[in-house]
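A.B. asks: Which chain is which? The protein sequence lines are A, V and R, in order.
If you're matching positions, the first sequence starts at 1 in my numbering and goes up one per residue.
If you're matching positions, the second sequence starts at 1 in my numbering and goes up one per residue.
If you're matching positions, the third sequence starts at 1 in my numbering and goes up one per residue.
Treat the hints with care, since some could be wrong.
Said to hold, decoys possible - Take a look, some chain V residues computed to stay more than 10 Å from chain R by CB distance:
#1 R62
#2 I65
#3 L86
#4 T87
#5 F105
#6 I145
#7 I152
#8 Y203
To be verified - Chain V residues, not near chain R, derived (Cβ > 12 Å throughout):
#9 A44
#10 V59
#11 E61
#12 I67
#13 N69
#14 L79
#15 W94
#16 D127
#17 D156
#18 L160
#19 G169
#20 Y177
#21 Q276
To be verified - Simulated pairs of lysine-lysine, DSS-like, Cα-Cα distance not exceeding 25 Å:
#22 K34/A with K213/V
#23 K34/A with K121/V
#24 K34/A with K64/R
#25 K46/V with K57/V
#26 K121/V with K36/A
#27 K40/V with K161/A
#28 K64/R with K213/V
#29 K121/V with K64/R
#30 K22/R with K213/V
#31 K158/V with K273/A
Simulated from the structure, these hints should not be mistaken for laboratory data.
C-beta: ideal position from N, C-alpha, C; glycine also.
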Amino acid sequence: MSTIPATGRTEADRRSSARKRPSLWRQSLRRLMKNKLAVSGLVFLAFMFLICFLGPLFSPYADNKINTTIMNHAPYAKHWLGTDLLGRDVLTRLLQAGRISLTVGITSMLLSVFIGSLLGAIAGYYRGVVDQVILRFADLLLTVPNLPILFIFGALLSEWKVPTEYRMYMVMLMLSFVGWPGLARLIRGQMLSLREREFMQAATVLGLRDRRKLVHHLLPNLFPLIIVVATLNIGGAILSESVLSFFGLGVMPPTPTWGNMIDAANTIIDFEKHPWLWIPPGVSIFLTVIAINIFGDGLRDVLDPKQKK
Amino acid sequence: MSTYLTRRLTYMLLILFAASLLIFLLYALTPGDFVTSNIKLTAARKAELRELYGLNKPVLERYGIWIKNAFHGDFGFSLAQQKPVLTLFHDYIWNSFLLAATSTFFTWVFAVIIGVISAYKQYSWFDTLVMVFIFAAMSIPSFFIGLFLIKIFAVDLKWLPPGGMLTTGSNAVGMAYVREVLRHMTLPVAVMTLLGIGSLTRYFRSNMIDVIKQDFIRTARAKGMTERTVLYRHALRNALLPAITLVGFELPGLFGGSLIIEKIFNWPGIGQLYMQSFSVRDYPLLMGFTMLIAVLTVIGTLLSDILYHVADPRVKL
Amino acid sequence: MPNVIEVDNLSTLFETEEGTVKAVDGVSFRVREGETVCIVGESGCGKSVTAMSIMGLVEGTSGKVTGDRVGFGDRDLLRIDRNELRTIRGHEIAMIFQEPMTSLNPVLTIGEQLMEPPREHLRMSRKAARQQAIKLIERVGIPRAEQIFASYPHELSGGMLQRIMIAMAISCGPKLLIADEPTTALDVTIQAQILDMLRELKEETGMSILLITHDLGVVAEMADYVIVMYSGKIVEEGEVSELFAHPRHPYTQGLLRSKPILGQRLERLYSIPGQVPDPLSLTPSCYFHDRCAHCLDICTRREPELKTLEGGQKVACWLYETAEVEARG
Numbered sequence: 001m002s003t004i005p006a007t008g009r010t011e012a013d014r015r016s017s018a019r020k021r022p023s024l025w026r027q028s029l030r031r032l033m034k035n036k037l038a039v040s041g042l043v044f045l046a047f048m049f050l051i052c053f054l055g056p057l058f059s060p061y062a063d064n065k066i067n068t069t070i071m072n073h074a075p076y077a078k079h080w081l082g083t084d085l086l087g088r089d090v091l092t093r094l095l096q097a098g099r100i101s102l103t104v105g106i107t108s109m110l111l112s113v114f115i116g117s118l119l120g121a122i123a124g125y126y127r128g129v130v131d132q133v134i135l136r137f138a139d140l141l142l143t144v145p146n147l148p149i150l151f152i153f154g155a156l157l158s159e160w161k162v163p164t165e166y167r168m169y170m171v172m173l174m175l176s177f178v179g180w181p182g183l184a185r186l187i188r189g190q191m192l193s194l195r196e197r198e199f200m201q202a203a204t205v206l207g208l209r210d211r212r213k214l215v216h217h218l219l220p221n222l223f224p225l226i227i228v229v230a231t232l233n234i235g236g237a238i239l240s241e242s243v244l245s246f247f248g249l250g251v252m253p254p255t256p257t258w259g260n261m262i263d264a265a266n267t268i269i270d271f272e273k274h275p276w277l278w279i280p281p282g283v284s285i286f287l288t289v290i291a292i293n294i295f296g297d298g299l300r301d302v303l304d305p306k307q308k309k
Numbered sequence: 001m002s003t004y005l006t007r008r009l010t011y012m013l014l015i016l017f018a019a020s021l022l023i024f025l026l027y028a029l030t031p032g033d034f035v036t037s038n039i040k041l042t043a044a045r046k047a048e049l050r051e052l053y054g055l056n057k058p059v060l061e062r063y064g065i066w067i068k069n070a071f072h073g074d075f076g077f078s079l080a081q082q083k084p085v086l087t088l089f090h091d092y093i094w095n096s097f098l099l100a101a102t103s104t105f106f107t108w109v110f111a112v113i114i115g116v117i118s119a120y121k122q123y124s125w126f127d128t129l130v131m132v133f134i135f136a137a138m139s140i141p142s143f144f145i146g147l148f149l150i151k152i153f154a155v156d157l158k159w160l161p162p163g164g165m166l167t168t169g170s171n172a173v174g175m176a177y178v179r180e181v182l183r184h185m186t187l188p189v190a191v192m193t194l195l196g197i198g199s200l201t202r203y204f205r206s207n208m209i210d211v212i213k214q215d216f217i218r219t220a221r222a223k224g225m226t227e228r229t230v231l232y233r234h235a236l237r238n239a240l241l242p243a244i245t246l247v248g249f250e251l252p253g254l255f256g257g258s259l260i261i262e263k264i265f266n267w268p269g270i271g272q273l274y275m276q277s278f279s280v281r282d283y284p285l286l287m288g289f290t291m292l293i294a295v296l297t298v299i300g301t302l303l304s305d306i307l308y309h310v311a312d313p314r315v316k317l
Numbered sequence: 001m002p003n004v005i006e007v008d009n010l011s012t013l014f015e016t017e018e019g020t021v022k023a024v025d026g027v028s029f030r031v032r033e034g035e036t037v038c039i040v041g042e043s044g045c046g047k048s049v050t051a052m053s054i055m056g057l058v059e060g061t062s063g064k065v066t067g068d069r070v071g072f073g074d075r076d077l078l079r080i081d082r083n084e085l086r087t088i089r090g091h092e093i094a095m096i097f098q099e100p101m102t103s104l105n106p107v108l109t110i111g112e113q114l115m116e117p118p119r120e121h122l123r124m125s126r127k128a129a130r131q132q133a134i135k136l137i138e139r140v141g142i143p144r145a146e147q148i149f150a151s152y153p154h155e156l157s158g159g160m161l162q163r164i165m166i167a168m169a170i171s172c173g174p175k176l177l178i179a180d181e182p183t184t185a186l187d188v189t190i191q192a193q194i195l196d197m198l199r200e201l202k203e204e205t206g207m208s209i210l211l212i213t214h215d216l217g218v219v220a221e222m223a224d225y226v227i228v229m230y231s232g233k234i235v236e237e238g239e240v241s242e243l244f245a246h247p248r249h250p251y252t253q254g255l256l257r258s259k260p261i262l263g264q265r266l267e268r269l270y271s272i273p274g275q276v277p278d279p280l281s282l283t284p285s286c287y288f289h290d291r292c293a294h295c296l297d298i299c300t301r302r303e304p305e306l307k308t309l310e311g312g313q314k315v316a317c318w319l320y321e322t323a324e325v326e327a328r329g
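Assemble the whole structure, with the sequences as input and the hints as a guide.
C.D. replies: Following this line, the structure appears as structure tokens:
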């Protein structure tokens, strides 16, 4: 046996050579920032928000005065996107419409996500009668096709002569009404699989109360799914709102939304000869929804721990 | 299997029953009825007609009549067109089916090919291009792209007709008829394919990516199989199998027509019929159409579940 | 005895988001005909990646394989055509993996998957391949071969699936069988059966086995020659009995000490202190130095080379480089 000398290395020396790891949220944020596509989507959205909410403040045409001298004028220096049939500046109206469309999109998403998550989580957690009732109700709403329902509500709005300011809120409610069942099913499904996981068994064995289990353990695990679904839902809500407006059943003129600006171009003349009236709003919807989808997808890659790219 | 089926069918019927009640009530809520909106009639005549059509009765009674008739296969008489609802459906539904079937076919074919290749060449420039394309396709507002393509191809370039199924006043027959319909179909089918292709391509792409990472693919390569065998025999079959469940969900779209597309392209399909009926409150047609979609949705879901069982030997009902 | 395979200075790099990982770092070894060589080490030491690199299965991911030579017969596996390498895979060199439950295609029958290698490499007809497949199923000790032939992977147990994997591997008469932790996912009793079967097959056919494992018990049972890996490098190698009787490298000594002995009762089980080093922050040194009870100053500054001792054993440790140690004072 050879004599082998001992070393002077201590436990502390060994521990310090291990790397520090940041919190899960910060890690996710860092990874998200690395995804250039997702970041560009976010940047575009921020830009869109800024110009839609702040832009009209800088526009000299924000009062939407009717100016019969320059009706349906093609784009030129004074009006970058031309004017519409009442001589109003299209660009300003586009931004104002963006305000409405974005607001409606986000608010209706928030509503449907809130209702959907709440009901879905309760259904999935408590099972039994509560689950059956919620599930059947969601199923019922899912069986009925969306567009006819929205049309009926739209017609109701027109009939009851709901004033324009309130129409916007009604549209939000309508969209949430058809939107929450899909979300509820997703959340319920996730809740069902989560509650069987071992960490929940451990929580039960430790004798934790229901509320603690729900709020402290299950909810944080649901957040990633909810966030991703919510983000992607905004795009869907904006598209739905535009379809409604296009059919004249959502927010009505003179309040502009991207949807009803496209509808205003339904006459042959406008369609063929005045493309600046309806192409910009369409493109705006398109770009905004793409940005939302790209960003939402990047979020999903980052927040879903099982997902690998 | 049979107990599962009976349970499912019972549930389906109950849901449809509840749905029909809900829809009927909603339509009843809708202001105005068929008669009131017609300005050509005098007040007295209106009252007469209301009596005749039974529009005066309380809602639940009207519903009772409707559901009783429905059970006997009688979905009522269109108030506006004075023909049985089912006959009208039959006249229009095949036009919608033509568009839907063609576009669904192309959507699936392209989605599979593009999705699979893009997954196999993950991270390549082709894949990035495909991802951008997928996002774009999923974000387009349907009515806008329809209008936009019409503007470019029909108005500006004049390559294709702007709408309708046949050129107005045409009485072509045989091959000439077919050719005309094909010309008119091109734009709507293109738009519908474009709209559906985004999410489906992404679905196949992500399935394929998941499958390629699996252990058994590594085994197949370790066995010295050619890349072609690995791709087609092992990867593809596993990636495509789950897609069979999606077939059921296409059912409502196939026969239900697209309200938006048919409006924009002035296509004489069942969606257009619905929109016309809606504006005059032709209740029997409205009920019939909405229930048709509901029924197709429910059947489609059942079909999906059954197909899944057929496709994957591990899944038990 | 001639060598079935000669690996010379094999290295495999992986590009990750956080940097380059050298999973295999200048590994060289030989497997002789009819010999069982065991590569043993902890998880992440690079033993599986070594096997995958030899088979050419690292390509396509973010990995890059380099080396002087991987000699198989008269071919260099690192330099031959991809298609030629493919014809060798499954035919002359076969590989089985750790998780039998997921290593087979769930939508194809056992029979279809068993017939693939002979049909591809030996151009067997369907009929002949079928007959052979059934014989193979019997050979690996599974009764009712016809029934098994027609069944799906999810209908079989882990042990049976691993036998099928072995059957698939030997179906074309390979010269070398690489087994990557073949028994880790199985029960102990099944483990013994699988190992027995591998031994029998080796004796019958004369094929060599390169067995990768972290379990010293398996090594003791199966190996003729042992290679110990740590952090991508070989730290010790030698004949199995010699290595077990006189382990030279502190890591090998630690491994052997860690294995509990049946019947012996200790207050505390021994474990090597510390953790495997982070592959991204390796410095030029002996990678084991921060866990080694005998660490010298030179161990923190220079990598030791694999040197042959008298008796044939090879060690990579500064403790045995007595000349260098004395020269540096």
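A.B. asks: Compare the structure with each hint and give your call.
C.D. replies: Taking the hints in turn, this is what the structure says about them:
The claim that R62/V lies off the interface holds: its Cβ sits roughly 53 Å from the closest Cβ of chain R, which is beyond the 10 Å cut-off. Listed as a non-interface residue, I65/V keeps its Cβ farther than 10 Å from every Cβ of chain R; the least gap is roughly 52 Å. Even its closest Cβ contact with chain R, about 42 Å, leaves L86/V beyond 10 Å, as expected for a residue assigned away from the interface. Every beta carbon of chain R lies more than 10 Å from that of T87/V, the smallest distance being close to 46 Å; the non-interface claim holds.
Taking the minimum C-beta to C-beta distance to chain R, about 25 Å, the non-interface status of F105/V holds against the 10 Å cut. No Cβ of chain R comes within 10 Å of the Cβ of I145/V; the nearest lies about 38 Å off, and the non-interface call holds. The Cβ of I152/V sits about 42 Å from the closest Cβ of chain R, beyond the 10 Å cut-off, so the non-interface label holds. Non-interface status of Y203/V relative to chain R is upheld: no Cβ of that chain comes within 10 Å, the nearest being about 18 Å off.
Annotated as non-interface, A44/V keeps its C-beta farther than 12 Å from every C-beta of chain R; the closest such distance is 72 Å. Every beta carbon of chain R lies more than 12 Å from that of V59/V, the smallest distance being close to 53 Å; the non-interface claim holds. Look at E61/V: its CB is around 55 Å from the nearest CB on chain R, clear of 12 Å, so calling it non-interface holds up. With a least beta-carbon separation of about 45 Å from chain R, I67/V lies farther than 12 Å from that chain, consistent with its non-interface assignment.
Every Cβ of chain R is farther than 12 Å from the Cβ of N69/V; the closest lies at roughly 48 Å, confirming the non-interface assignment. With a cut of 12 Å on Cβ distances, L79/V stays outside the contact zone with chain R, its closest approach being about 54 Å. Look at W94/V: its CB is around 37 Å from the nearest CB on chain R, clear of 12 Å, so calling it non-interface holds up. Its beta-carbon lying about 14 Å from the closest one in chain R, D127/V satisfies the requirement of being farther than 12 Å from that chain.
The beta carbon of D156/V is kept farther than 12 Å from every beta carbon of chain R, the shortest such distance being approximately 47 Å. Once the 12 Å rule is applied to beta carbons, L160/V is consistent with being away from chain R; the minimum gap is 43 Å. Under the 12 Å C-beta cut-off, the non-interface status given to G169/V relative to chain R holds; the minimum distance is some 55 Å. Look at Y177/V: its CB is around 45 Å from the nearest CB on chain R, clear of 12 Å, so calling it non-interface holds up.
With 12 Å as the threshold on Cβ separation, the claim that Q276/V sits away from chain R holds: the shortest Cβ distance comes to roughly 48 Å. Our distance criterion of 25 Å between C-alpha atoms is met by K34/A and K213/V, whose separation comes to about 23 Å. For the given pair, K34/A sits about 21 Å from K121/V by alpha-carbon distance, which is consistent with the 25 Å threshold. Annotation: proposed proximity of K34/A to K64/R holds, straight-line Cα distance about 24 Å (limit 25 Å).
With a C-alpha separation of about 15 Å, the suggested pair K46/V and K57/V falls inside the 25 Å cut-off, and the hint holds. Taken as a hint, the K121/V and K36/A pair is honoured in the structure, with Cα atoms around 20 Å apart against an allowance of 25 Å. Distance restraint check for K40/V and K161/A: the Cα-Cα separation of roughly 24 Å lies within the 25 Å cut-off, and the hinted pair is therefore satisfied. Distance hint between K64/R and K213/V is fulfilled; the C-alpha atoms sit about 18 Å from each other, no more than 25 Å.
Only pairs whose Cα atoms come within 25 Å are accepted, and K121/V paired with K64/R is accepted, the gap being roughly 18 Å. Distance check on the hinted pair: K22/R and K213/V sit about 22 Å apart at the alpha-carbon level, within 25 Å; holds. Using a Cα cut-off of 25 Å, the hinted pair K158/V and K273/A holds, with the two alpha carbons roughly 15 Å apart.
Violation of the numbered hints given earlier is absent; every hint is satisfied by the structure.
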